[in-house]
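First to last, the protein sequences are chains A, B, C and D. Take the first sequence: its position 189, counting from 1, is numbered 352 in this note's numbering, and each next residue is one higher. Take the second sequence: its position 138, counting from 1, is numbered 301 in this note's numbering, and each next residue is one higher. Take the third sequence: its position 112, counting from 1, is numbered 275 in this note's numbering, and each next residue is one higher. Take the fourth sequence: its position 96, counting from 1, is numbered 259 in this note's numbering, and each next residue is one higher.
None of these hints come from the bench; they were simulated from the model. Be aware that one or more of the hints could be misleading.
Heads up, the list lumps identical chains together, so a pair's fine if it works in one copy or across two of them.
[Said to hold, decoys possible] Below, a list of computed lysine to aspartate or glutamate pairs in the EDC-like style, where the Cα atoms sit at most 20 angstroms apart:
(1) K178 to E391
(2) K214 to D295
(3) K353 to E390
(4) K214 to D278
Number of protein chains: 4
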Amino acid sequence: MLINCDLGEGFGAWKMGQDEQLMPYVDQANIACGFHAGDPVVMQRAVHHAKLNHVSIGAHPAYPDLQGFGRRSMRLSHSELIALLHYQIGALEGVAQSLGASVDYVKPHGALYNDMMADTDLLDIVMQGVADYHRPLSLMIQATPNWQTHQHMADKHRLTLLFEAFADRRYLDNGQLQPRAQPGAVLDAKQCIQQARQLIKEGKVTTVSGHNLSVKADTLCVHGDGEEALSIAAQLRSLIDELAS
Amino acid sequence: MLINCDLGEGFGAWKMGQDEQLMPYVDQANIACGFHAGDPVVMQRAVHHAKLNHVSIGAHPAYPDLQGFGRRSMRLSHSELIALLHYQIGALEGVAQSLGASVDYVKPHGALYNDMMADTDLLDIVMQGVADYHRPLSLMIQATPNWQTHQHMADKHRLTLLFEAFADRRYLDNGQLQPRAQPGAVLDAKQCIQQARQLIKEGKVTTVSGHNLSVKADTLCVHGDGEEALSIAAQLRSLIDELAS
Amino acid sequence: MLINCDLGEGFGAWKMGQDEQLMPYVDQANIACGFHAGDPVVMQRAVHHAKLNHVSIGAHPAYPDLQGFGRRSMRLSHSELIALLHYQIGALEGVAQSLGASVDYVKPHGALYNDMMADTDLLDIVMQGVADYHRPLSLMIQATPNWQTHQHMADKHRLTLLFEAFADRRYLDNGQLQPRAQPGAVLDAKQCIQQARQLIKEGKVTTVSGHNLSVKADTLCVHGDGEEALSIAAQLRSLIDELAS
Amino acid sequence: MLINCDLGEGFGAWKMGQDEQLMPYVDQANIACGFHAGDPVVMQRAVHHAKLNHVSIGAHPAYPDLQGFGRRSMRLSHSELIALLHYQIGALEGVAQSLGASVDYVKPHGALYNDMMADTDLLDIVMQGVADYHRPLSLMIQATPNWQTHQHMADKHRLTLLFEAFADRRYLDNGQLQPRAQPGAVLDAKQCIQQARQLIKEGKVTTVSGHNLSVKADTLCVHGDGEEALSIAAQLRSLIDELAS
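Just chain A, same shape as in the assembly (with noise of 0.2 angstroms):
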């Protein structure tokens, strides 16, 4: 079980998270490329971190809404999100093997990964954006009870998946996170630890009504903001070591 987090979420003046704390910790870095957050010297900046910790980079593409931190859904055409995917990639390749890393995967950001998440032919779309990058990548999605139509949609792509659970979410019994707004959505840090080891040790999740939920995943995303961000991260890398040894 690997540990990803967004990252290189600043943009000019402004600063988001805590970029240097939290490498050491993650395996995965997921850096913003510009359309939400992230300007080209906190892209470089979040590479030069990320290569330093021997942090594998991943593209984190998003719609293009600075002032809405991409978190707002906007229909675009198909043609015009794969367009927008080869730039905001691009864009970070530039930056990266520029400083002698490279980028290996890309996670969509917010709006654009939830409206993935929940619509099919959205899903495809990314994934044949991905597909067709000039450089094999993978594609970090949610590990969800349909990971299997998923996993046949990206081997029509030739396309690798990468699954992703959440550790610090309340799950709901169709395997999808509860809304942020709900009380209890978010886990404390013992909760999130406790439903860390469950999702390593046993591949599976408590739902909000008590069931139990089978979660095949290959990476947790952590949340680098938050007070008890790097607290939270450093006791699940622990786990993670723990349970490997």
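Chains B, C and D: place on chain A using the hints.
Frame of chain A; chains B, C and D shown alone:
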């Protein structure tokens, strides 16, 4: 002698220039990378037409200034400028290579171009930025009486230069272009062809004061906007093909 | 019956529409406020020409989406939408009043317009936003078979409505416009004048299925782009002046 | 003596400064207008807190440069600069007046502020821009040894000036601030209070070389970021209240 042209300078709903009509006449397309013009869809379309017409593709990076079309000078730190070049070149590569095309060279746009031609230190940073890019790319700069200095600088960076001359602009005795605002600074179609012929056959231009100035250029820049743009491009194409045969 | 037109939709170096030529034919100029188009200079120029031609000025606020020209739907919170309206209306007022002109009404643009016409809750928020503005302004919305509901809603906000009809678009039986993508949705010049005559004289349009639909409008929207825009505007002007005399 | 502070400098998901905590200590809030920081929601919140704390509201317009936080100099035409001022002031007024608050003054931000203080012609354009605004507003500029020249210029425009001094920056003998990059340029909390006391009681500052320089100021600028910002603001507030009683 080649012909280069700034293309792909629309943005969203806004058009600029006549990309499709101009492509058949040019050898090199300087394609905007999103900072002064050109969104991912516009870039994809420009690359597509360049590829159809076997036109060499250059990245046309700019200061981040959509509202000012990259024509406003901006002081950036060295590392910021380099990050910004890698981002924009990479973004175009992401789009281009995914369409089976490749980026061959870099030509800075607008104020960035003017600033680097006026400031040797800045030119050196731009050279470093292009040289540090992970793939070898040429840099297109203006052919001036200082071309040997520029060549030495480029040699240190192991960078290939492409020198360009302007067929449609009046030259000053010092080899700079007469400022656009001055009367006579922009040549009409007839004068333009005449100056192009002189540049190609003799490697010289007649300056505003009547002197003959040596200008050794690899490529002539034509402008894609203006009513006569297409006609001038067609005439230049004929002239070059005629002189080459 | 008045004529309204979207104007001031250039941005930076990019032009759109034929503002100066259209102004003499229209009564109301919907001027972009910088979020989908229109920078301060473009806005200043549009206001200047509106004032010269004694044209009433309306704010034409949009979702923050320059790249998508405000044509992409975006879900905003209520308070965000209201803040966004006040910002854009205020910005246009700052420019207009300093030139001795004033803003008379608000007409939301593109996706925001479509969204509010399709969603009564959203329309209510827009009404509240305009009603909460510190000066009384009218709100321009589409004249539909639901106009009485809309009028009741506006009355609660003590808001004056301006109802607009479309001379150049085919109507469906339910009073909505036939989607642009469908053949025949956009009328040619001759059909357009015919429909305008029917709207003015009878307060009706003949729908796509041949029914006569009652459409009570205060103003007709003409489009500023397209080759025939000027000619249509001139013919509408003549028609209205002729019918009024 | 009053206290002014730059506030409302967040953007979208990004925070900056500690607006709510600072408001009780300041008399004048310079609120960003969307060009270097501040979206409509951020502006609305800043206005709301200013009003709650009976703080005077100033527009804090900037060059259009979100990525550079308005700290990069840009050459604009005179008419563009004036349009840009009217747009930004108007936008803030739209938000403020709709909340029952009003804008009292204008203080240009960052590079625009520095440029106008270094270039009398530019300062004259800024004065004209503020004077041409449709409502009378004061202009806040730096108190320098040239204050009488500036006062004469303002008189011609019938413009009221507010002179500000910096409590937390070391002055050069010529009345300019020591560049931030130089050691000792930014005063610590203790030095800052000492310099404030000297400015208030004697109208003087002790420069870097030990000279006493006359600086007649109406208001002291405090900075909202930095760890000590709150503590310094609180101490300045106490100092001013104590000296006034």
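Against the structure, the hints:
1. With identical chains, the CA atoms of K178 and E391 are at most 20 angstroms apart both within one copy (17 angstroms) and between copies (18 angstroms).
2. For the identical chains of this complex, K214 and D295 are inter-copy neighbours only, at 17 angstroms across copies versus 26 angstroms inside a copy, given an alpha-carbon limit of 20 angstroms.
3. Taking the shortest Cα distances, K353 and E390 sit within 20 angstroms of each other inside one copy (14 angstroms), while across copies they are farther apart (31 angstroms).
4. Proximity of K214 to D278 under the C-alpha cut-off of 20 angstroms is found in neither arrangement, the shortest distances being 31 angstroms within a copy and 33 angstroms between copies.
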